[in-house]
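Protein chains: 2
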Amino acid sequence: MTAHGQVPTPAFMPVGSVGTVKGIDPEELQACGFRMLLCNAYHLLLRPGHHLIAERGGLHRFIGWSGAILTDSGGFQLVSLAGLSRVTDEGVWFKSHVDGALYHLTPERCIEVQRALGSDIMMVLDDCPPYPSPLERVREAVRRTTSWAQRCRLTSRASHQALFGIVQGGTNHELRRQSARELVAQEFDGYAVGGLSLGEDKSVMWAILESTLTELPDTHPRYLMGVGRPEDLVEGVWRGIDLFDCVMPTRHGRTGWLFTTTGRVLIKQAQYARDDAPIDPLCRCPVCRKYSRAYLRHLFLAREMLGVRLNTLHNLWYYGMLMEEIRAAITANRFAEFRAQFYAQRGGMMREETSITTGNGSPQPAGTMEREERT
Amino acid sequence: MTAHGQVPTPAFMPVGSVGTVKGIDPEELQACGFRMLLCNAYHLLLRPGHHLIAERGGLHRFIGWSGAILTDSGGFQLVSLAGLSRVTDEGVWFKSHVDGALYHLTPERCIEVQRALGSDIMMVLDDCPPYPSPLERVREAVRRTTSWAQRCRLTSRASHQALFGIVQGGTNHELRRQSARELVAQEFDGYAVGGLSLGEDKSVMWAILESTLTELPDTHPRYLMGVGRPEDLVEGVWRGIDLFDCVMPTRHGRTGWLFTTTGRVLIKQAQYARDDAPIDPLCRCPVCRKYSRAYLRHLFLAREMLGVRLNTLHNLWYYGMLMEEIRAAITANRFAEFRAQFYAQRGGMMREETSITTGNGSPQPAGTMEREERT
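Just so you know, the sequences run in chain order A and V. According to my numbering, the first sequence is numbered sequentially starting from 89. According to my numbering, the second sequence is numbered sequentially starting from 89.
A hint or two may mislead.
All copies of an identical chain are treated as equivalent in the list; a pair is satisfied when it fits inside any one copy or across any two copies.
[As the list claims (entries may be wrong)] Below, simulated EDC-like cross-link-like pairs (lysine to aspartate or glutamate); rule was C-alpha separation at most 16 Å, straight line:
(1) Lys378 <-> Asp363
(2) Lys378 <-> Glu412
(3) Lys290 <-> Glu262
(4) Lys378 <-> Asp113
Since the hints were derived computationally from the structure, they do not count as laboratory data.
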């Protein structure tokens, strides 16, 4: 439950970093079943600025989205996008990737920005080193992330705004558990696992996630940041994850990589030139109900915006429906069966996945995201 | 009346050259009030190919548009887009702007392509020289256009497909009237005026149009090709035009040039950064009902696809509503009053326009596009 409606979990959040999910209307996101968007405080701080958005009545109103919004702090973007960023215990100095202007982001300022945006869930500022990093750098990141989390925790925010901590620790099990314990001791409204899916093997990722989750209370939402593929959602839920975000459905849509119940369709391929079938005959999305692969291929080759839009819409619908099916399966207490069917439909991918699957088979009960009211 | 529904006239056709109005869904075009699209035989011949579209069940089905479609022949595009085109009395040799392949388009082949596409209204292949061209070149274009029109007329097409002739003649009054007379003698289902708005003065354009219209029967639809601005629609209707097409609402949308009842809004301007008003407070389009100028400016500066889409949708809605108001004014026999109000709202543009206005004040009666059945 957020100030902007219930968010049934486990949930996937479409990514709308700068205040829009690329090419898609808010009404369409709702129709896909999404109740919470991810926006990015880093991007919105740089452009159009959080004060401007606050003056417009906050982010929800500015972008026309009536559902919930989680704002990422931008810890990850400071690594991946900002030029010449320099991290100290005080905060991060970085140059805007938009106009090169110099910014100083501290944990306190990070919360101020998210408070101005009015998001329902804020993320702490974390120190997210690239992968791989030397152990010393990872250790420093954990220490700093814990310290910054506390400073975020102590910065004033609106009473309806939840705050999540972010676990770091790279691919080191001990550091991950330590990071998780230190955050849990601070008592956040929810806990995110950051710094995964940065290039490490998937088997390593799942093992690290499992170590981390042993330290995170299942009474609080647990959020796997920036992950991932459809099978990652199934595997994450299997291990107890409640929240996901990833650019994959939108970014892949723009490159013509389409998700289906039986695997991917690369729409540019010549085999679809005269294919009158929809992207996925089992899909009931507005795109599959109306358009053929042949037309979508034509739009893709002609670099037409409508193609990008329809591809993205289909992929988001696929993700939305997948999460709906996952929630239904959990409610019916048949998630293990659902998971087996999921892989069986995709023919053979089960083997690839099962070899690295060591989950405990006990996903979080489906429900709505609850949190303790801040006092 | 076409095989795909009635088209109330005077009408504006959005341009969907390659089989999509850039970024906009067919349902949205319907909601804007459009009942006929313009597609381009030249573009579709090159990609994905007319045979492929015919196999898919024709163009309407391929692109998911249940309304009417007029296909332009591509005479204009052969000048503006194709590299190394060479025009002879037999037809046009040109290299595809898509892949450089060599094509030979004759009047007969042009009709075959449009027959395969299954459009409701076909256009003859015309010889459209650039502006300015030497008088001899314009004279040759008129002779060739008349001859090609006859060859198009004699080429077999489906019984539901209408065929329009295209008047050429540059800015020479005598050649224009001659071209019109020669086409009328061949008895087409409608008559288009091509080769205008290519850079000549607007006053010249209107004078030429008026000369031409004296030779075109008002019992048949009269179509002013590639024109134009909102005021051009008003002025064209004033002179008796029934059909228009232009890339302006869509192309201007992409550049952030927005049409309003009181003039243009250039959304990138700093004055809109904190402007919570909709693009046009008098507009009831889905964009103006929901989004602020401030948000649209943000999307534009961030080069976000949603901004392009919303801007385009608003502009198309503006054009659709303008045509609806024009039709209502004609039906109520108060078009002269409407025209005066139109300019008054735009403050001062009346003067600019009236100085070149010499219309006869007798627009075509509003109605649906009727044509003689082919025998």
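Status of Asp363 relative to Lys378 across identical chains (alpha carbons, at most 16 Å) = So Lys378 and Asp363 pass the 16 Å test inside one copy only (13 Å; across, 38 Å).
Identical-chain pair category, Lys378 with Glu412, by Cα at 16 Å = Neither: 22 Å inside a chain and 28 Å across chains, both beyond 16 Å.
request  = Tell me, please, which holds for Lys378 and Asp113 at an alpha-carbon limit of 16 Å: within, between, both or neither?
outcome  = between (18 Å within a copy, 11 Å between copies)
ask   = Between the shortest in-copy and the shortest cross-copy C-alpha distance, which are at most 16 Å for Lys290 and Glu262: within, between, both, or neither?
value = Cα proximity of Lys290 and Glu262: none, with 19 Å in one copy and 76 Å across.
Violation of the numbered hints given earlier is confined to hints 2 and 3; the remaining hints are satisfied by the structure.
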